[in-house]
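Chemist: Chains as they are written, first to last, in my numbering: chain A, 1 to 289; chain B, 290 to 606.
Hints in this document: simulated from the structure, not taken from any laboratory. In this text, all values refer to a predicted model and were calculated from it rather than measured experimentally. The C-beta atom is built at its ideal place from N, Cα and C for all residues, glycine as well. Among the clues, some could well be false.
Pairwise CB distance ranges, derived in the manner of DEER restraints [as the list claims (entries may be wrong)]: (1) L304(B) with W156(A): 52 to 62 Å; (2) L250(A) with P593(B): 27 to 37 Å; (3) L388(B) with Q173(A): 30 to 40 Å; (4) T160(A) with G529(B): 31 to 41 Å; (5) K481(B) with R187(A): 32 to 42 Å; (6) F584(B) with A177(A): 24 to 34 Å; (7) F325(B) with L70(A): 41 to 51 Å; (8) T431(B) with W156(A): 55 to 65 Å; (9) K494(B) with V149(A): 43 to 53 Å; (10) F325(B) with V130(A): 50 to 60 Å; (11) I558(B) with F125(A): 22 to 32 Å; (12) R470(B) with W156(A): 48 to 58 Å; (13) Y257(A) with S426(B): 18 to 28 Å.
Residues from chain A shown here face chain B by an in silico Cβ test under 7 Å; the list is partial [as the list claims (entries may be wrong)]: (14) G93; (15) N97; (16) L99; (17) G100; (18) F103; (19) V130; (20) L268; (21) L269.
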Amino acid sequence: MELFLQSVVNSFIQGGFFSLWAVGLVLVFGVMGVVNFAHGELVMVGAYSIWVLHAQYGFPYIPALCMAVLLVTTIGVLMERFLFRPKREDPLGGLINSLGVLFILQVAAHVVGGTGPAKQVAPPFSGTFVIEEFLRVPYQRLFAVAVSVAALGLLWFFLTRTRLGWSLRAMAQDREAAALQGININRTSMIAIGVSGALAGLAGALMAPMTSIHPHMGHNVIITAFIVTIVGGIGSLSGAVLAAVLYAFLHTFVTAYISGTVATMSGLLIMVLVLIVKPTGIMGKRVSE
Amino acid sequence: MGANKLTHVAGTAALLIALVILPGHLKYHHQDFIIFLTINVLVVVSYRLMTLTGEWSLIHIVMMGVGAYTSALLSKNLGVSVWLSIPLAGVSAGAVAALLSFPLFRMTQFYFLIGSFAVGEAIRLAWVYFVYPFGGSSGINTIPSPELFSIDFMEPIPYFYLVLAVVTLCLLILHRIEKSRIGLTLHAVHWKSPLAESVGVNAWKYRTLAFIIASIFVGVAGALKVHYLGNVTPHQFGVGTMVFVLIWVIVGGYNTFYGPILGAIVLSILDEAFRAFEAIRPAIYGVLLIAAIMFMPRGLESVPGWFRERLFRKTAK
Chain A
1 MELFLQSVVN SFIQGGFFSL WAVGLVLVFG VMGVVNFAHG ELVMVGAYSI WVLHAQYGFP
61 YIPALCMAVL LVTTIGVLME RFLFRPKRED PLGGLINSLG VLFILQVAAH VVGGTGPAKQ
121 VAPPFSGTFV IEEFLRVPYQ RLFAVAVSVA ALGLLWFFLT RTRLGWSLRA MAQDREAAAL
181 QGININRTSM IAIGVSGALA GLAGALMAPM TSIHPHMGHN VIITAFIVTI VGGIGSLSGA
241 VLAAVLYAFL HTFVTAYISG TVATMSGLLI MVLVLIVKPT GIMGKRVSE
Chain B
290 MGANKLTHVA GTAALLIALV ILPGHLKYHH QDFIIFLTIN VLVVVSYRLM TLTGEWSLIH
350 IVMMGVGAYT SALLSKNLGV SVWLSIPLAG VSAGAVAALL SFPLFRMTQF YFLIGSFAVG
410 EAIRLAWVYF VYPFGGSSGI NTIPSPELFS IDFMEPIPYF YLVLAVVTLC LLILHRIEKS
470 RIGLTLHAVH WKSPLAESVG VNAWKYRTLA FIIASIFVGV AGALKVHYLG NVTPHQFGVG
530 TMVFVLIWVI VGGYNTFYGP ILGAIVLSIL DEAFRAFEAI RPAIYGVLLI AAIMFMPRGL
590 ESVPGWFRER LFRKTAK
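Turn these sequences into a full structure, and let the hints guide you.
Modeler: As structure tokens, this is what we get:
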């Protein structure tokens, strides 16, 4: 029972992270048509920023978090401008460019952090919220969940209630038609990847105090983000969030009761099943050719 | 055209002669390097057969793993001769591919790319999870090497000649397949799928066929690798390795038979040249990759044509 309740709580926390990872990937794929394989590395850079700024140089956590978000957003925008924009008509080229960035960022992390063991960051919010004798949630995790939910809420508001958000969604639906309506494709792409980068940086910065930080941590992120994106329906943000929470439950419970390997394996198989049975995902709409 | 073909044949012959003479003059770790490079040539050429149909998969390296595990288990646990287990590795990779084609080819394009990745990663995780018979994440060790008369195939030079012979044979077969009716149909399936189907070509069947053939040959490549290394782990067949295959093929160029070979050779040698900068090697790779995509989108294979065009234009003036 204890394990069960603790797993439920952990699932929600994981769900928040999975959503942040996947939503950024969905946004870039939807708006720009690029599969950004370096997305996991953007999360990794966010986590490293916290390690450098907060743990090494002693910046307070919140300003460090803001700087991490800013840094990763900048990397994203630079990628759009110099790598994805010239390859807009060549999705394979964009994909390969993102792989190049993946290698470069991993090495950058090696150079910054050295090749020693994985880094740990002491949680800036100490203490534990005790609900029951057996159910404890560290404040750090509560903070992470609250910020994730707030960020996703903000994103939802931006996409559905602002003109800029509308232009993003218009471009995701039909790029040419959006351009004909006077939407600036270059600027909109830049906003999409900027938001995607900000979410990735935020996710990395929030994760930093509760995970081990190493240059290859992006691998897990990208696999999870793919599973969530496909199951939720490519291009569907609400689908991605729903799928993220569902997958977090599956992953947490299978990890707790069987093993982490089986958890990832079942996620991948569910993804294949969705691809075969309903390629548009649980929330996606059927696209007419 | 005839002159063109002549240069190709002459170039191939020169390369083969160089490869036969070369190994004796190399240092030990360079001999290692050239063995793996030759195996990787088979990996990229077989992958290209798959891409002829226009489908890019991320499962190719896992099929190499299927071959590697098959040959390792057969020769170590069941005592099958390595000479038999290497071809059987190809057969088993082909059989697994045939089985997987049912779910996989219900998808196309981007969905196929991601779907093939998921299936491949699931297979790889199965090798990690099932300690019996796959040995878990530490894999299988002390795999026997081939035996013939008194030749010691543990030594790099004899093994290199074995690899060279097998790979050359496989490349000849793959080349024949591409130039045959099947190969032409694969091209048709890629470029004019609806048209090809309207004249009675079953696109699904030909995609499956390409996948099976590619898997057979990469399975053999996996077996060749495993009997030299002496061990096999799930880690060797991760998506990271697959990414390198993709890079070799794309940077080399995938419109000609020799493009991927060129990519594998040039990039591997460059990578080897940067061995001194071990820690930052992947970043150098990343920069080269981006430079290639930005400035040479049709790959290394376009370089000779580019020069020829320049030369031709000058003489025309």
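Chemist: Identify every previously stated hint that the structure contradicts and give their numbers, smallest first.
Modeler: When the structure is compared with the hints, numbers 2, 11 and 19 turn out to be violated.
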